[in-house]
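Given the coordinates of chain A, work out where chain B should sit on it, guided by the hints.
Number of protein chains: 2
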Amino acid sequence: MDKNIPYKTYLEESEMPKAWYNVRADMKNKPAPLLNPATHKPMTADELSAVFCDELVAQELDNENAYIDIPQEILDFYKMYRPSPLVRAYCLEKALDTPAKIYYKFEGNNTSGSHKLNSAIAQAYYAKKQGLKGVTTETGAGQWGTALSMACAYLGLDCKVFMVKVSYEQKPFRREVMRTYGASVTPSPSETTEVGRKILAEHPGTTGSLGCAISEAVEVATHTEGYRYVLGSVLNQVLLHQSIIGLESKAAFDKLGVKPDIIIGCAGGGSNLGGLISPFMGEKLRGEADYRIIAVEPASCPSFTRGRYAYDFCDTGKVCPLAKMYTLGSGFIPSANHAGGLRYHGMSSTLSQLYDDKLMEARSVEQTSVFAAAQQFARIEGILPAPESSHAIRAAIDEAMKCKETGEEKTILFGLTGTGYFDMVAYQKFNDGEMTDYIPTDEELEKSFAGLPKIG
Amino acid sequence: MDKNIPYKTYLEESEMPKAWYNVRADMKNKPAPLLNPATHKPMTADELSAVFCDELVAQELDNENAYIDIPQEILDFYKMYRPSPLVRAYCLEKALDTPAKIYYKFEGNNTSGSHKLNSAIAQAYYAKKQGLKGVTTETGAGQWGTALSMACAYLGLDCKVFMVKVSYEQKPFRREVMRTYGASVTPSPSETTEVGRKILAEHPGTTGSLGCAISEAVEVATHTEGYRYVLGSVLNQVLLHQSIIGLESKAAFDKLGVKPDIIIGCAGGGSNLGGLISPFMGEKLRGEADYRIIAVEPASCPSFTRGRYAYDFCDTGKVCPLAKMYTLGSGFIPSANHAGGLRYHGMSSTLSQLYDDKLMEARSVEQTSVFAAAQQFARIEGILPAPESSHAIRAAIDEAMKCKETGEEKTILFGLTGTGYFDMVAYQKFNDGEMTDYIPTDEELEKSFAGLPKIG
Numbered sequence: 001m002d003k004n005i006p007y008k009t010y011l012e013e014s015e016m017p018k019a020w021y022n023v024r025a026d027m028k029n030k031p032a033p034l035l036n037p038a039t040h041k042p043m044t045a046d047e048l049s050a051v052f053c054d055e056l057v058a059q060e061l062d063n064e065n066a067y068i069d070i071p072q073e074i075l076d077f078y079k080m081y082r083p084s085p086l087v088r089a090y091c092l093e094k095a096l097d098t099p100a101k102i103y104y105k106f107e108g109n110n111t112s113g114s115h116k117l118n119s120a121i122a123q124a125y126y127a128k129k130q131g132l133k134g135v136t137t138e139t140g141a142g143q144w145g146t147a148l149s150m151a152c153a154y155l156g157l158d159c160k161v162f163m164v165k166v167s168y169e170q171k172p173f174r175r176e177v178m179r180t181y182g183a184s185v186t187p188s189p190s191e192t193t194e195v196g197r198k199i200l201a202e203h204p205g206t207t208g209s210l211g212c213a214i215s216e217a218v219e220v221a222t223h224t225e226g227y228r229y230v231l232g233s234v235l236n237q238v239l240l241h242q243s244i245i246g247l248e249s250k251a252a253f254d255k256l257g258v259k260p261d262i263i264i265g266c267a268g269g270g271s272n273l274g275g276l277i278s279p280f281m282g283e284k285l286r287g288e289a290d291y292r293i294i295a296v297e298p299a300s301c302p303s304f305t306r307g308r309y310a311y312d313f314c315d316t317g318k319v320c321p322l323a324k325m326y327t328l329g330s331g332f333i334p335s336a337n338h339a340g341g342l343r344y345h346g347m348s349s350t351l352s353q354l355y356d357d358k359l360m361e362a363r364s365v366e367q368t369s370v371f372a373a374a375q376q377f378a379r380i381e382g383i384l385p386a387p388e389s390s391h392a393i394r395a396a397i398d399e400a401m402k403c404k405e406t407g408e409e410k411t412i413l414f415g416l417t418g419t420g421y422f423d424m425v426a427y428q429k430f431n432d433g434e435m436t437d438y439i440p441t442d443e444e445l446e447k448s449f450a451g452l453p454k455i456g
Numbered sequence: 001m002d003k004n005i006p007y008k009t010y011l012e013e014s015e016m017p018k019a020w021y022n023v024r025a026d027m028k029n030k031p032a033p034l035l036n037p038a039t040h041k042p043m044t045a046d047e048l049s050a051v052f053c054d055e056l057v058a059q060e061l062d063n064e065n066a067y068i069d070i071p072q073e074i075l076d077f078y079k080m081y082r083p084s085p086l087v088r089a090y091c092l093e094k095a096l097d098t099p100a101k102i103y104y105k106f107e108g109n110n111t112s113g114s115h116k117l118n119s120a121i122a123q124a125y126y127a128k129k130q131g132l133k134g135v136t137t138e139t140g141a142g143q144w145g146t147a148l149s150m151a152c153a154y155l156g157l158d159c160k161v162f163m164v165k166v167s168y169e170q171k172p173f174r175r176e177v178m179r180t181y182g183a184s185v186t187p188s189p190s191e192t193t194e195v196g197r198k199i200l201a202e203h204p205g206t207t208g209s210l211g212c213a214i215s216e217a218v219e220v221a222t223h224t225e226g227y228r229y230v231l232g233s234v235l236n237q238v239l240l241h242q243s244i245i246g247l248e249s250k251a252a253f254d255k256l257g258v259k260p261d262i263i264i265g266c267a268g269g270g271s272n273l274g275g276l277i278s279p280f281m282g283e284k285l286r287g288e289a290d291y292r293i294i295a296v297e298p299a300s301c302p303s304f305t306r307g308r309y310a311y312d313f314c315d316t317g318k319v320c321p322l323a324k325m326y327t328l329g330s331g332f333i334p335s336a337n338h339a340g341g342l343r344y345h346g347m348s349s350t351l352s353q354l355y356d357d358k359l360m361e362a363r364s365v366e367q368t369s370v371f372a373a374a375q376q377f378a379r380i381e382g383i384l385p386a387p388e389s390s391h392a393i394r395a396a397i398d399e400a401m402k403c404k405e406t407g408e409e410k411t412i413l414f415g416l417t418g419t420g421y422f423d424m425v426a427y428q429k430f431n432d433g434e435m436t437d438y439i440p441t442d443e444e445l446e447k448s449f450a451g452l453p454k455i456g
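From first to last, the protein sequence lines are chains A and B. Going by the numbering used here, the first residue of the first sequence is number 1, and it counts up by one from there. Going by the numbering used here, the first residue of the second sequence is number 1, and it counts up by one from there.
Chain A on its own, in the form it takes in the complex (with noise of 0.2 angstroms):
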């Protein structure tokens, strides 16, 4: 045990962000800006309003100041389940004896079980300091929609969510618990909508995709006086929020006179990576500190690794703006067999750009060494891992063997998203060594990349 390092640092409330950091306002390259999928020139302010409250619309499209003051109610909220612990993971390192100090920032200690609670309450707080009367969104692996559901019930605001049918069916305990803090549930594709008809007319029997929810809970917020829809991943308003989790992380950090050499993050839409490395990017892009930044993704989901940078549709009914980002094509659906989440078709357009320009790497993972990973971790440092969180704890320990073969004494930060309670099916698919691998073939991707949009 290294002196002076305790296995748990908490910041003490009078330590904690008073700002969150927006890493888009030292980017020399901006993210691109969303395009309006009609005339593909970029969103106005007006335009996005329709669809998110005005604040959020603010920070969305902000690319200069570098801090956003956190509103004292949402301090207050944070202070419920906040600050995280960084926690040393003294007892993997042991058992790996390996040279490399491991740290893992553990975001899974509220109910929601997971970081995306860090956004759930800016977003329903905005929502509600606009006075409107709720928020739609969708959910998938159900995390999402839980964090939702809760900042909802505490601020006293409708919650509508759509929920991907096949999670819906085989996760009811995930629905439950959104039931439990006051939230509508409705299965996607659904025949309350439209864009939901439509889709069932064409696909009938579907058990629906992330994009098709998404397209679902835009039509509601649009179509209902007092509505707006929230999204828990991809935007820069997200990655805005979630910087909470660097920000504490680089406090903790500073507080223990340590400095991280390489920091790992899973990668679905970007929403823990973009915030767990935010203010060491910041300090990267302005040239005052270099860090070995790398995003972990599915190997049967690789948009960083395998996709295109390009312009594409967020949703599968295409009522949503345009985003440049690395995709694997809106048409694209993970192969049946993947078991966590992470299975959304494209990623931030921050951290798209922030790849682009080499500033950070990726690589992909397949899911039976991530949950060989998750189950190593979890009878060592006693927390059963998310499968998400599991990708970012299959690359530590990959780094942390590497140190062991060439002797480094490497810092690591791996951000620990979210607890996997809600994850025992597939757990019991690992248990019985049922689970599989899958990877997407060329010819796959490319007959995905050919419904991109053309743009310019």
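Hints are all accurate, no fakes.
Put simply, identical chains are the same to the list, so a pair is met inside one copy or across any two.
No farther apart than 25 angstroms at their CA atoms in a straight line, the calculated lysine to any residue pairs in the SDA-like style are these:
id	residue 1	residue 2
1	K94	E73
2	K404	L155
3	K3	K18
4	K133	L96
5	K18	Y90
6	K133	R179
7	K79	P99
8	K255	S14
9	K358	K402
10	K30	K358
Think of the hints as simulated: they come from the structure by calculation, not from any bench.
Leaving out everything else, chain B in the frame of chain A:
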């Protein structure tokens, strides 16, 4: 918000307790000894050591030493998930509009989802130290089995869990968590033990009970070379280990300069309540301070409030020592509509004696009112509580509302023992308005009391 009282108080690692507190040392009337079921004479250390590890036998019988050092290995494990936070429930206070100051000690922030891990690691450690191969146990709702399998995985010890059949079938995810931690899980009653086969022959199609599962686990432990039996509640040794909850709470209160007036805990076998209250009860026993201490139990399984204080069997197969305790009779089985844990027919001997000496109160609450409190708490404080813990929430809210009537600014501490992630079937019943209450009739209890053994 009170100045200087944060939402959450964490002790520093250096402030964490280094010894458990043994409340029996300060009790004038010691808890009655365990009796040999054949001879009705007090169990000797030798007799007990066929069932339990030697060091745990010593702890079980130790009524003299007030403090017992926590071994370094256990302190290290505790550091992975402890200290647990002492939370000031500002949001709940505001929602209730009460002058009461409400605190809770939250033990759910670890993968086992409850306080059970505090004793699981201790019991597994002593088994390992004795050079054993493994341990056996029973589990009902699954929190104890999960905690034990985590502790055994960490120490490299085999873990055989007998899980009450109805839970095994209704809670497949609990089972999978234990399997992920490498435990073997057998539905009880099973064909793998003599007592199991006997119970199955007498009650074909039975869905099991905690009492059956205990009998099977004890049989396997006592008939397998290198194995001992461990138990998650009721025993003196378990209350000793769980004193870490109360010691941390007390240390945190002392740090804040606060003294609670009322201390509330849910009571099944008594492990959490006994642990939470122990240092406060110690002060009370020594005449140094006074506290109102309230045990809360389900109206459907009311051992304190409607049971007899008598020697009884601890298990269905009657293979275990007899314990003097408040009991409903070992043949008592709570109504099938009972949703949560807290379904053991008896109660810790230590707590039984303290209750009989009028050093604490008890009350029973009905489950629909418990789930109403659970839902209210979840929406306000952002934690989805376990049904067991919610009994304490119910009583804490009731006490806070009394303060609102009287205007008294009482300080209330309650134990929030765990999370309800694996209890969503019960929440669903409540959400759908299908949950009902059940109170056993006097006739039912009398019938059950008739089965009490005749002693002396």
